[in-house]
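Novice: What follows is the residue order along each chain.
There are 2 protein chains.
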Amino acid sequence: MSAAFPDNALAADIAAGLSRVETLFDTQLTSAFPAVNELCRHVERYRGKMLRPTLVLVSGLAFTADGESLRPEHDIVAGTVEMIHMATLVHDDVLDDAEVRRRGETVNFLRGNETAVMLGDYLISNAFHLCSRAGDPALNLRLGEVTNTLCEGELVQLSRRHDLSLDENTYFEIVRRKTAVLVGAACELGTKLAGATAAEIAAMRAFGENLGVAFQIQDDLLDLLGDEATVGKSIGRDLEKGKLTLPMILHIAHNQGADRLAALEAIDAKDGPALRRVLTRSGSIDAARARAVAIVEDAKRGLPQTRRAHSRELLLELANRVVARES
Amino acid sequence: MSAAFPDNALAADIAAGLSRVETLFDTQLTSAFPAVNELCRHVERYRGKMLRPTLVLVSGLAFTADGESLRPEHDIVAGTVEMIHMATLVHDDVLDDAEVRRRGETVNFLRGNETAVMLGDYLISNAFHLCSRAGDPALNLRLGEVTNTLCEGELVQLSRRHDLSLDENTYFEIVRRKTAVLVGAACELGTKLAGATAAEIAAMRAFGENLGVAFQIQDDLLDLLGDEATVGKSIGRDLEKGKLTLPMILHIAHNQGADRLAALEAIDAKDGPALRRVLTRSGSIDAARARAVAIVEDAKRGLPQTRRAHSRELLLELANRVVARES
Numbered sequence: 001m002s003a004a005f006p007d008n009a010l011a012a013d014i015a016a017g018l019s020r021v022e023t024l025f026d027t028q029l030t031s032a033f034p035a036v037n038e039l040c041r042h043v044e045r046y047r048g049k050m051l052r053p054t055l056v057l058v059s060g061l062a063f064t065a066d067g068e069s070l071r072p073e074h075d076i077v078a079g080t081v082e083m084i085h086m087a088t089l090v091h092d093d094v095l096d097d098a099e100v101r102r103r104g105e106t107v108n109f110l111r112g113n114e115t116a117v118m119l120g121d122y123l124i125s126n127a128f129h130l131c132s133r134a135g136d137p138a139l140n141l142r143l144g145e146v147t148n149t150l151c152e153g154e155l156v157q158l159s160r161r162h163d164l165s166l167d168e169n170t171y172f173e174i175v176r177r178k179t180a181v182l183v184g185a186a187c188e189l190g191t192k193l194a195g196a197t198a199a200e201i202a203a204m205r206a207f208g209e210n211l212g213v214a215f216q217i218q219d220d221l222l223d224l225l226g227d228e229a230t231v232g233k234s235i236g237r238d239l240e241k242g243k244l245t246l247p248m249i250l251h252i253a254h255n256q257g258a259d260r261l262a263a264l265e266a267i268d269a270k271d272g273p274a275l276r277r278v279l280t281r282s283g284s285i286d287a288a289r290a291r292a293v294a295i296v297e298d299a300k301r302g303l304p305q306t307r308r309a310h311s312r313e314l315l316l317e318l319a320n321r322v323v324a325r326e327s
Numbered sequence: 001m002s003a004a005f006p007d008n009a010l011a012a013d014i015a016a017g018l019s020r021v022e023t024l025f026d027t028q029l030t031s032a033f034p035a036v037n038e039l040c041r042h043v044e045r046y047r048g049k050m051l052r053p054t055l056v057l058v059s060g061l062a063f064t065a066d067g068e069s070l071r072p073e074h075d076i077v078a079g080t081v082e083m084i085h086m087a088t089l090v091h092d093d094v095l096d097d098a099e100v101r102r103r104g105e106t107v108n109f110l111r112g113n114e115t116a117v118m119l120g121d122y123l124i125s126n127a128f129h130l131c132s133r134a135g136d137p138a139l140n141l142r143l144g145e146v147t148n149t150l151c152e153g154e155l156v157q158l159s160r161r162h163d164l165s166l167d168e169n170t171y172f173e174i175v176r177r178k179t180a181v182l183v184g185a186a187c188e189l190g191t192k193l194a195g196a197t198a199a200e201i202a203a204m205r206a207f208g209e210n211l212g213v214a215f216q217i218q219d220d221l222l223d224l225l226g227d228e229a230t231v232g233k234s235i236g237r238d239l240e241k242g243k244l245t246l247p248m249i250l251h252i253a254h255n256q257g258a259d260r261l262a263a264l265e266a267i268d269a270k271d272g273p274a275l276r277r278v279l280t281r282s283g284s285i286d287a288a289r290a291r292a293v294a295i296v297e298d299a300k301r302g303l304p305q306t307r308r309a310h311s312r313e314l315l316l317e318l319a320n321r322v323v324a325r326e327s
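Line by line, the protein sequences give chains A and B.
Sequential numbering of the first sequence, starting at 1, is according to this note's numbering.
Sequential numbering of the second sequence, starting at 1, is according to this note's numbering.
Take the hints with a grain of salt, since some may be wrong.
Said to hold, decoys possible - Under 8 Å between C-beta atoms, here's a sample of chain B residues computed to sit facing chain A:
# : residue
1 : V36
2 : V94
3 : D121
4 : N126
5 : L225
6 : D227
7 : E228
8 : G232
Honestly, the hints are just simulated from the structure, not real lab data.
Given the structure is predicted, the values throughout are model-derived calculations rather than measurements.
The beta-carbon is built from N, C-alpha and C at its ideal position, and this holds for glycine as well.
Just chain A, with the same shape it has in the complex:
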C-alpha cells in the first residue's frame, strides 16, 4: 500500500512502521512446533491492505510533531489489531465455508474446520499476549472490550441468519460491532498513544468507526457483485449463508408487490444472478453504495485537524479508498 502513498517523510515513516509491525507479527507467532509455524506462515499470506495497522500508525503520526517518533506501543497495538483481524478472517472462513482468501486456499479448505478453529484461537491468544507485552493494563482492557463487542456482533448476526425481517437499524448495529469497533479502536489508540487530547481521540475513533461501517458495506457489495478472480476470495457467501446485507434490506424496505417478492424469492432460492438483476433494477445497489459514500464523507468532515504535515491528506485518501476498492 505504501508504494501508492505520496513520496514524503510521512510515507517513509509509515512504510518503516509497517515493516516493523510485520516483523513483530511474525516473531510473536513463532512456535517450537513446525506444524504450528506452517499454519502461521499460511495465515501471513492473507496479509493484504494492512488497513488497521496502517490506521494505528497514521493516527499516531498525525498527532506527533514533525521529527518526533512513534512509541513502541504503537507497533504493538498495530500488530495486535492485525492479529485480531486475522483471527476473525480464519474463523469467518469456517462460518462461511469459504474456500478462497487472498487468491489462495483457506485454512479450513486445506486443513479442515478443526484446524481452522484452533488456529483462530491461537491467533486470538497471541493477539492478547502481544498486547500484554506493552505492559499497559488500559490497552488490554480496551482491546478486550473491542473483541467482546466484535464477537457479540457476530453472534447476533448468526442469530439473524435467514431472517428476512432484519431491518436497517439492526444491520448497522451488527456492522458497527463486528467490523467498525476494531477499525475505530485502531484510530483511537494510535491517537491516544501519541498524547492527543480527549476530543481528538474521540473524533479519530468516530472517523475509524465510520470507515469500518463503509468498509463493511463495500465488502457486502463485493460479495454480491464481484467475481472471485478480482476480489480474490470466495464470493456469494452472504446469500449462501442467509446473511441479509444492506442492498437487500433497502430493497425489501422500499419496494412493494412483485418487486419485493422477486427479491425475497431470489434470496430464498439463493439465486445470485436473479437477486443482482432485481436489486440493480430497483436502484437498491446504487442506494447501498451511496450510503457507503455518504458515511465516508461524514468521516472526512469529522476528521480533526492534525499536527504533522500531509497526515490529514493521507487520512482523507485512506477514507476514499475504502469505497473505491475492488478487492
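Given chain A, put chain B in place with the hints provided.
Specialist: Quick look at chain B alone, frame taken from chain A:
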C-alpha cells in the same frame, strides 16, 4: 464440591469464594443482546467440578495466614481460568463432534458449529477482558502465555490425529500443553497473589501441572471405558477422532505380533469393544491408570508446606480425587 469438604473455616472460605467467582463469571458474560445471554446461560450449565477456580482459591488460602482474606485478584484469576476452560470445552466439542456435555446437549449440537465457534471466541475474549480488569499486566502476560501454549498443544494434537507412530514423550508434551499448563497456572497464580516465595510458587505450579496431566489420563480412560450416562458427556470421541491416548500408546509400544496388530486394527476400525478387550488383556489400561496414580503421588510428595490450617490436607484430597473420579 464444597459440600464434600470437611466442615471447617477453610471450607467455608472456599465455598464463599466459589460463590463470588460464579457471580463474577455470570456478570462478566452479561450482554445487551438476549441471543448472546441465552447462549451464555447454556454454557453456565456446563459448570461442574470447578477444579481450576477451586485450585486458585485453595492455593491462595494455603499461603495466607489464618484469618487473612484473599485478594480481589484471586477471584478474577479464578473466574478467568474457568472461562478459558469453558471456551476450550465449547471448541473441543466442535472438534470432537460431541453431542452431550454435563448430561445436556452441546452448543454445536443444539445451535450448529458456527454458533459454537463464535461463542467460544466470545468466552476467550471475555476471559482476557475479565483478567484485564485486575489492572496487573503480569497476569495478562502470564495467562496469554498459558493460552498460547494450550492452543499449540491442541494444534500439535490435531496434526497427529490418526498417526499410529505417536510416542509416549509426544503424548505427554501434548497433554502438558493442552491441559496441564492451565491447571498449573491456577495453582501458581493463586499462590503468587498470596505473596508466597518463589520456591513455593514454583512447587505449587508443578503440583498443578502434575494434577493436570493425571486429570487428562483419567479423562482418556473415561473416554475409552466409561458410559455416557455415568460420565455425563459424549464418550468414545478419541477413537472416533483418531486421537491416540496413553493406554493405546503403551500397548503399541510394549506388545508385538498379533497382540499389537489387534490393537492397531481396532483403532483403524474404530472398534471400541475390541480395543477395550485387547488393551485390558495386555494390561495397558491398568498401566495407564497406574501412571496417573504415580503422577498424583509425585504431585503429593512435591507439595510444599502451607501456612493455613487444613489447607495441605485439602490439596492432597483434591489430588486424590483427580484419579478417583468417574465423571
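Novice: Could you run down the list of hints and mark each one as holding or not?
Specialist: The hints, checked one at a time:
1. V36: The hint holds - B/V36 has a Cβ within 8 Å of chain A, the shortest such distance being about 5 Å.
2. V94: 6 Å, holds
3. D121: This interface hint holds because 5 Å falls under the 8 Å limit.
4. N126: 6 Å, holds
5. L225: Since the shortest Cβ distance to chain A is 25 Å, the answer is violated.
6. D227: Constraint on B/D227 not satisfied, violated at 25 Å.
7. E228: Violated, about 22 Å.
8. G232: 23 Å, violated
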